[in-house]
Amino acid sequence: MDMIVCIKRVPDTAESDVKIDSSGRDIDHEGLAFTVNEADNYALEEALLIKEKLGGTVTLITMGGRESDDTIRMGLAKGADTAIRLDDPAFAESDGAATAKIIASAIKELQYDLILTGCMASDNGFTQVGPALAEILSIPHAAMVTKTELKENKVRASRELEGGLLEVLDIDLPAVLTIQTGINEPRYASIMGIAKASKKEIALKSMGDLGLNENEVGQKGSKTRIDKLSLPVQDKIAELIPGTPEEASEKLSGILKERGLV
Amino acid sequence: MAVEGAVLCKELALFECIQCGRCTGGCPVSLRSALNPRKLVYEALLNTRFVPVEKAEIWECTTCATCAERCPKNIRPVDVILALRSDIIESGRVKPAVRDALESTFMHGNPWGRAREKRIEWIGDAKVPILEEGSETDLLYYVGCAASYDPRIQNLAKGMIKILQGAGIKYAILGNAESCCANEMNELGEKGLFEMAQEKNLETLAKYQFPLMMTTSPHCYHAFLNDYPQQKFEVLHYTQLFSRLIREEKLVFTGELPKKVTYHDPCFLGKRNKVFDEPRHVLQSLPGIDYLEMDRSRERSLCCEGGGGRMWMESESTEERLAEIRVKDAVAMGAEIIAVSCPFCLLTLEDAVKTSGNEGKIEIRDIVELVSDLVE
Amino acid sequence: MKEIFVLIEHRQGKIRDVTFEMLTGANKLATSIDGNVTAVVCGSDVGGYVEKVAGWAHKIIAIDDSKLKDFNADAYQQVLVSLIQAHKPYLTLIAQSGFGSDLAPSLAVELDYPLATDCYDLQVDGGALVALRQMYGGKVNARVFFNDSPGIICTVRAASFPPEESNLTAEVIKTDSPLTEEMAYRQFVEYVEAAVGDVDITQADILVGVGRGIKDKDNIPMVQELADALGGVLACSRPIVDAGWLAKDRQVGSSGRTVKPKLYLAIGISGAFQHTAGMKAAETIIAVNKDGNAPIFGIADYGIVGDLMKVVPALKEKIKALKAS
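Residue numbers (my numbering), protein chains in the order written: chain A, 1 to 262; chain B, 1001 to 1376; chain C, 2001 to 2325.
By construction, these hints were calculated from the structure, which means they are not laboratory data.
Nothing here was measured: the structure is a model prediction, and the numbers come from that model.
It is possible that some hints are incorrect.
Said to hold, decoys possible - Listed below are the simulated DSSO-like cross-link pairs for lysine-lysine, each with C-alpha atoms no more than 30 Å apart in a straight line: (1) B/K1191 - B/K1118; (2) B/K1274 - B/K1010; (3) C/K2320 - A/K257; (4) A/K147 - C/K2014; (5) C/K2310 - B/K1354; (6) A/K199 - A/K108; (7) B/K1191 - B/K1095; (8) B/K1361 - C/K2320; (9) A/K251 - C/K2320; (10) A/K196 - B/K1095; (11) B/K1361 - C/K2217; (12) C/K2310 - B/K1260; (13) C/K2316 - B/K1361; (14) C/K2290 - B/K1158; (15) A/K223 - C/K2088; (16) B/K1260 - B/K1250; (17) B/K1328 - C/K2310; (18) A/K108 - A/K53; (19) C/K2002 - C/K2059; (20) B/K1191 - B/K1039; (21) A/K108 - A/K147; (22) B/K1274 - B/K1232; (23) C/K2310 - C/K2215; (24) C/K2290 - A/K257; (25) C/K2316 - C/K2215; (26) C/K2059 - A/K223; (27) B/K1095 - A/K147; (28) C/K2174 - C/K2069; (29) C/K2248 - C/K2290; (30) B/K1118 - A/K19; (31) A/K220 - C/K2088; (32) C/K2310 - A/K251; (33) C/K2002 - A/K223.
Using the sequences and the hints given, assemble the complete structure.
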């Protein structure tokens, strides 16, 4: 089973306060910690589990600058075999479709049975690249997958729908699956393991290497553009109950009593 | 992954072992788990091919190193456990909570999943000097991750600055430049992460001038004192500083603590670093205190099971927790307060007070809290 | 006259709420762009669906084909490509849902149309369509503009437009299905219902939801005690289930359960959309969170900005005391 896993390096903004940067089209990265996109981490683990069960290879693909090498090495340390990084200044500000086109150009040269991506990137939240990639490569896909079962030339994928309902499909390989969080329990990549992985070569591909021109990538190659990020203004704001935990709890329980909830 | 017994024998000089069993006899955790240090050494001697993932009991170890302490041949069975842990770490198959603590330490400089820039939130409105790069101070207070982020332990940091200020000491903290000492990462077997943290921390510390570093936690103390290769600054645990200040009459107590107080020696201060007297000196200096000594004290202190990465691991055992035994013993001897000097002991013992049904009967207080209550 | 297509989303014989929300949004937008709304109803035996949406659109394109009975991204994509190429709508709206996220991105590539996903509003700026969406887990709003194109596709976030029927009477246009063969390479096997555990959170009057802010599995019993004191049921957000700390049947949110209790107490929950989508409709919402900027405070009625480790036990005691008196 030859697999390709698309991974992305994203900032960890869960606990941080975010600021809009000077361009107005992204957030300020100063002081943020970066890590592999959560859903991609699950996708990688799924590929590694399949490799452990059925044999095969895992190739990582990342679109990003040199800082993405940290993320790639983490993936190699966990057990991926090879890695390709797609890097070109012209790739900057590619939208979802343009990103998929860039990644597809790298993939079409490769031998593969299965492509796994995370279902969503936690930075832009597009949920777009996986299915777009499948369309460009003319292979079937399934998004939001929470369970995979490889069979003869097919994969039985369970897709997560609203309300906990699962849709089960059989899909011919090769295919693209976008993986939902919680599908497995990702392993840990040790620091020594990551250091060892630094010895593995990461193939670099530029726009020219991929046979693309500047009208196909980046802002020029995108049909959508982000303009003016802003911080959400809560128009309705909760009535905040002040005081120490003791005092606030006292007041709150009073409010609950008034509303007949206690 | 596997670890060859023969390799362990060679690297850890295990051939000296006479299988006397003093190690297991002193291992606090062997009371309630399958952990058997003697047996592990025995298996190594037999050139067993260890498959560490099959040895769940190695995660029960709190790395208190009582086994190493008691060995008449100066062998360190705890190092066998650490070698097996390292093997599992390298394979990546650690429990999710451990994985998260390790990844958090790498990404955020603390094992609690908290943002680096929120490390000094505990300060609130208080005036706490934060050392600027290139500056100097007399005492660098190394707050530590637990005291920075855990709401219960933040009280210790607040108490510490009150005491330092009251004693007129020129001190400062590193603020958000402070990063995890990574001692627990080392005890979990993630040597690479520990070395990386060491390197980064020493690089950071080189930017400041200070002759003395004082820690809240015995774990930070242990790491900086024993493992960090540096000659620049002295490292003290806060109880050692307080003891010094009391002797120099710089800590002046007002008020009394008319309670029966006993002291629980933390493994990383006591057993591992032989700091037994200073904490007692501090406690016994508190006016009005009725100090009681536990039977299992000093080298024989009963581990609370907070160290060795145990803060991030559920025990597999259903036997009574050591911390609960500790609480019950303290209650039985009539103590009203168990004084501690380690954030992990504080958290595990407080938990044990609840789970053993002794809420209201006994309190767990850190020495810094008791001192802070009695100084201006 | 600009045409706005709205793909009707149905599942297991019922039209999903997001459909009516999208139709409302489409009608609202239509007034700003001199447009009309066309509901695209694909399925098997679509009469019932057509009836339900007749008051919500100017036109209905109805395609009846047994191959469209259950959602299948490839089949629906083929149909939409055929319809969009024939009718050239200005905009096509699809729900940002399990179905929509499987369909829209590949559809957009096949048509070579721009796509904006998970939009919470659609506006007009200088005559151009602007889609509003969020990034970074809801911490940032973004305005998305589209290059000139024969058409645009947007997927719409659930609960973005409170549904309002339009008093229209749609003209129904029955259209032949363009599908010619079974999709052999992608076959529907079955739906699997979420396992019903011992708890049905949708039936509880009082829910106490716990989120990532709880930090440790060991802290959950403390929240359970608060739930017990209130006579409520413990629920949670997705990360708690992903971590294996609580079972899936306690998950509130777009991929879990939607609940409408009298009281929802959100403990350590940031208020990311995926969760709030499942509990916004609660009568009274109270949030406890360390972060005063957490989005949850934008939908809560009352909030305490503080450490849940202190607030939860204190609140439990106060409730117990109140009940005892």
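Structure-based check of each hint:
{"no.": "1", "hint": "B/K1191 - B/K1118", "verdict": "holds (27 Å)"}
{"no.": "2", "hint": "B/K1274 - B/K1010", "verdict": "holds (29 Å)"}
{"no.": "3", "hint": "C/K2320 - A/K257", "verdict": "holds (12 Å)"}
{"no.": "4", "hint": "A/K147 - C/K2014", "verdict": "holds (26 Å)"}
{"no.": "5", "hint": "C/K2310 - B/K1354", "verdict": "holds (16 Å)"}
{"no.": "6", "hint": "A/K199 - A/K108", "verdict": "holds (26 Å)"}
{"no.": "7", "hint": "B/K1191 - B/K1095", "verdict": "holds (17 Å)"}
{"no.": "8", "hint": "B/K1361 - C/K2320", "verdict": "holds (21 Å)"}
{"no.": "9", "hint": "A/K251 - C/K2320", "verdict": "holds (14 Å)"}
{"no.": "10", "hint": "A/K196 - B/K1095", "verdict": "holds (23 Å)"}
{"no.": "11", "hint": "B/K1361 - C/K2217", "verdict": "holds (27 Å)"}
{"no.": "12", "hint": "C/K2310 - B/K1260", "verdict": "holds (28 Å)"}
{"no.": "13", "hint": "C/K2316 - B/K1361", "verdict": "holds (21 Å)"}
{"no.": "14", "hint": "C/K2290 - B/K1158", "verdict": "holds (19 Å)"}
{"no.": "15", "hint": "A/K223 - C/K2088", "verdict": "holds (17 Å)"}
{"no.": "16", "hint": "B/K1260 - B/K1250", "verdict": "holds (25 Å)"}
{"no.": "17", "hint": "B/K1328 - C/K2310", "verdict": "holds (26 Å)"}
{"no.": "18", "hint": "A/K108 - A/K53", "verdict": "holds (26 Å)"}
{"no.": "19", "hint": "C/K2002 - C/K2059", "verdict": "holds (13 Å)"}
{"no.": "20", "hint": "B/K1191 - B/K1039", "verdict": "holds (24 Å)"}
{"no.": "21", "hint": "A/K108 - A/K147", "verdict": "holds (26 Å)"}
{"no.": "22", "hint": "B/K1274 - B/K1232", "verdict": "holds (22 Å)"}
{"no.": "23", "hint": "C/K2310 - C/K2215", "verdict": "holds (14 Å)"}
{"no.": "24", "hint": "C/K2290 - A/K257", "verdict": "holds (24 Å)"}
{"no.": "25", "hint": "C/K2316 - C/K2215", "verdict": "holds (19 Å)"}
{"no.": "26", "hint": "C/K2059 - A/K223", "verdict": "holds (29 Å)"}
{"no.": "27", "hint": "B/K1095 - A/K147", "verdict": "holds (21 Å)"}
{"no.": "28", "hint": "C/K2174 - C/K2069", "verdict": "holds (16 Å)"}
{"no.": "29", "hint": "C/K2248 - C/K2290", "verdict": "holds (25 Å)"}
{"no.": "30", "hint": "B/K1118 - A/K19", "verdict": "holds (16 Å)"}
{"no.": "31", "hint": "A/K220 - C/K2088", "verdict": "holds (24 Å)"}
{"no.": "32", "hint": "C/K2310 - A/K251", "verdict": "holds (15 Å)"}
{"no.": "33", "hint": "C/K2002 - A/K223", "verdict": "holds (20 Å)"}
Checked against the numbered hints given earlier, this structure breaks none of them.
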